[in-house]
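Undergrad: Chain by chain, the residues:
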Amino acid sequence: MQFWTFFFLILTFGIYIYIAWRSRVKETKEFYVASQGVPTVANGAAVAADWMSAASFIGMAGMIAFLGSDGSVYIMGWTGGYVLLALLLAPYLRKWGKFTVPEFVGDRYSDTVRVVAAISAIVVSFTYVVGQMTGGGVVFARFLGLESHWAVIVAAVVIFFYAVLGGMKGITYTQVAQYIVLITAYLIPAVAVSQTIGGFPVPQVTYGTILAELDALRVEFGLDEFTQAFAGREGGMIDVFLVTASLMLGTAGLPHVIIRFYTTKTVRGARFSAFWALFFIALLYLTAPAVGAFTMLNLLRGAEGSTADDLPGWIEPWQEAGYVELNAEDGVIQSVNNDAASGADLIVSNDILVLASPEIGGLPAPIIGLMAAGGMAAALSTAAGLLLVISSAASHDIYYRMISKEKASEKTQMLVGRLAMTAAVLVAIIAGLNPPAFVAQVVAFAFGLAASTFFPILILGIFWKKANAKGAAAGMLTGLLFTSTYMIYTLEVFGTSANDHLFNISPEGIGAIGAVVNFTVTIVVSNLTKPPSQEVQEMVEEIRYPQAQKVQ
Amino acid sequence: MSDATHESTAEEPDNSWRQRYWKKNVRVLVVLLTIWAVVSLGCGVLFIEPLNTIEILGFPLGLWFAQQGSVYTFVILILVYALWMDRIDDEFGVAERNEDGGRL
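Protein sequences, first through last, are from chains A and B. Take the working numbering: the final residue in the first sequence is number 552, and no numbers are missing along the way. Take the working numbering: the final residue in the second sequence is number 104, and no numbers are missing along the way.
Treat the hints as calculated values from the structure; they're not laboratory data. Here the structure is a predicted model, which means the values were calculated and not measured. We treat Cβ as the ideally placed atom computed from N, Cα and C, and that holds for glycine. Hints are supplied without guarantee of correctness; some may be wrong.
[What the hints assert, rightly or not] Subject to a maximum C-alpha distance of 25 Å in a straight line, what follows is the list of computed PhoX-like cross-link-like pairs (lysine-lysine): (1) B/Lys24 <-> A/Lys411; (2) A/Lys407 <-> A/Lys466; (3) B/Lys24 <-> A/Lys407; (4) A/Lys411 <-> A/Lys470; (5) A/Lys411 <-> B/Lys23; (6) A/Lys466 <-> B/Lys23.
[Said to hold, decoys possible] From chain A, some residues computed to sit far from chain B (all C-beta separations above 12 Å): (7) Phe3; (8) Ile15; (9) Ile64; (10) Val73; (11) Val324; (12) Gly362; (13) Glu410.
[As the list claims (entries may be wrong)] Here chain A is said to cover these stretches of chain B; the calculated rule only asks that three of the stretch's residues, wherever they fall, bring their Cβ under 8 Å from a Cβ of chain A: (14) 70-77; (15) 82-92.
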């Protein structure tokens with residue numbers, strides 16, 4: 001198995017580096033938007049790879065496997081946001097067409113808002129990079145036998161070299177390759193397991209037939225029924241609603257996704273890119289709940305009646321890597337959980353379920369190796385996209401525009417960008433060694449922040465001409481403060497103690513309320529202060545039409 | 001979302017089509033986003049429990065909407081949007097075209 005893991009990892013890394021080297025660039029515009037010459041379908045696949053992170057690939061099905069019905073928040077949230085993005089943001093931002101999200105905000109509102117946006121972009125992207133480091137770490141810890149702290153460091157170093165090599169063009173075509181790797185790695189084991197257990201190779205259909213057995217097994221092992229709504233999250237319906245909404249708004253507001261729609265040739269291209277992106281994403285997202293259900297079923301079937309001396313073979317290596325814990329002192333496994341505090345006989349981390357699914361399902365070694373390569377592809381492609389946003393926000397929006405007052409040369413700008421990437425990776429390693437929660441949850445915080453800062457002011461900036469700079473700055477800052485304060489209040493981060501959730505709202509769901517706060521503050525402050533200048537209003541008018549005038 | 005009214009001045013070309021275009025655009029958005037909200041936040045969250053009493057091919061219907069149906073709907077919604085906007089762009093003659101008149 002070690003052989004196949006090395007084989008697929010080295011083969012795929014070779015392909016990515018070759019593509020990145022072939023399409024390396026030296027100009028700033030090429031570096032950030034690939035000269036707006038990327039075909040729609042390719043752009044869609046690249047957005048999909050950029051989008052589907054370690055959280056989607058490694059974390060999501062595992063979360064669903066344990067959370068059951070309430071794990072749907074990730075499926076609906078992370079795909080539903082694309083509808084908002086495609087309908088409300090992508091075509092207009094493409095029509096306006098410059099490099100970055102802070103750039104739009106800077107032109108639409110003011111330089112102050114640009115700086116606030118650039119800082120938010122860095123914070124949001126950074127939170128998200130940490131999730132990728134942890135995810136990459138899981139792969140290296142298990143498949144290369146590294147201790148988990150070293151695994152995070154190795155993952156960080158690989159991601160760093162990779163992202164600094166190419167600009168947007170290199171990244172775009174590499175991401176197309178990464179999409180193919182990750183979707184193949186995800187679908188092959190899913191189809192195989194579906195055929196073995198359900199007798200039909202379409203997992204999306206067959207997992208329905210095993211739900212009754214899964215429900216019964218889960219109850220036997222001390223978990224809630226898979227199909228039971230609002231059992232997996234303490235906050236019940238309100239919390240599920242808010243988390244779904246936060247993930248949707250956050251998806252639409254994530255700077256590294258929005259930036260991708262600048263790379264299409266036309267406004268129409270941006271619309272169809274969004275369609276292809278969601279189409280490619282849906283292939284994985286529709287399979288994820290099936291993977292979660294089947295893996296859980298296999299896991300519980302295997303655990304049924306096994307004792308500490310007679311464990312299923314997949315457990316031991318994961319136990320050594322530190323992701324599985326066995327507490328069955330009397331020998332028989334009677335309960336299974338994902339939370340160490342539950343004291344169950346078998347504790348399995350969410351993060352390993354997908355990677356371990358071929359082993360749990362008894363599939364052959366090459367598939368296990370392919371899974372490792374798929375997980376790395378997901379982590380690498382997303383981290384590269386995020387580092388690009390961090391570097392563009394730091395070098396273009398903050399350094400070039402604000403510090404050097406537009407005098408810095410291309411060379412200095414690129415240097416500042418690369419330094420920012422380096423700093424981000426270093427801090428991400430420290431954070432990745434001591435993450436506040438599971439991979440998918442870490443990422444959920446990034447969404448809460450994106451939902452409460454970017455989404456409202458982008459929407460208002462496009463659809464409401466009177467939204468002005470003071471309003472946007474006030475809205476963004478209150479949204480950011482409100483959301484991050486609640487997150488820090490309810491979670492153990494930076495050494496603070498965790499407090500109880502207020503009104504059943506989990507820290508993952510607070511972003512939706514933060515967005516409402518931001519909307520309200522921006523509207524109120526804009527109404528109380530002077531409307532934006534005539535030029536700005538004219539600009540907002542222009543981005544509404546693919547062509548300024550009729551072409552007869 | 002309210003809007004500052006746009007008035008075209010005398011020396012500018014006739015831009016009255018713009019308001020009609022934008023109105024149609026907004027109507028498309030309202031129709032599609034309503035479906036979006038009803039299927040996902042409606043069927044997948046708020047009404048999941050009553051829908052779960054119906055079972056199809058082993059799936060409680062609410063769970064199916066939350067994990068499968070909503071995603072299918074989203075993909076179709078974006079495709080419908082892109083095609084619908086193509087038609088509106090053509091109707092108003094604002095589609096992006098190359099010198100030969102083909103779509104870019």
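Undergrad: Each hint needs a verdict: does it hold in this structure or not?
TA: Structure-based check of each hint:
no.	hint	verdict
1	B/Lys24 <-> A/Lys411	46 Å, violated
2	A/Lys407 <-> A/Lys466	32 Å, violated
3	B/Lys24 <-> A/Lys407	44 Å, violated
4	A/Lys411 <-> A/Lys470	34 Å, violated
5	A/Lys411 <-> B/Lys23	46 Å, violated
6	A/Lys466 <-> B/Lys23	18 Å, holds
7	Phe3	36 Å, holds
8	Ile15	28 Å, holds
9	Ile64	8 Å, violated
10	Val73	8 Å, violated
11	Val324	26 Å, holds
12	Gly362	23 Å, holds
13	Glu410	29 Å, holds
14	70-77	holds (count 6)
15	82-92	holds (count 5)
Comparing the model with each earlier hint shows violations of hints 1, 2, 3, 4, 5, 9 and 10; every other hint is respected.
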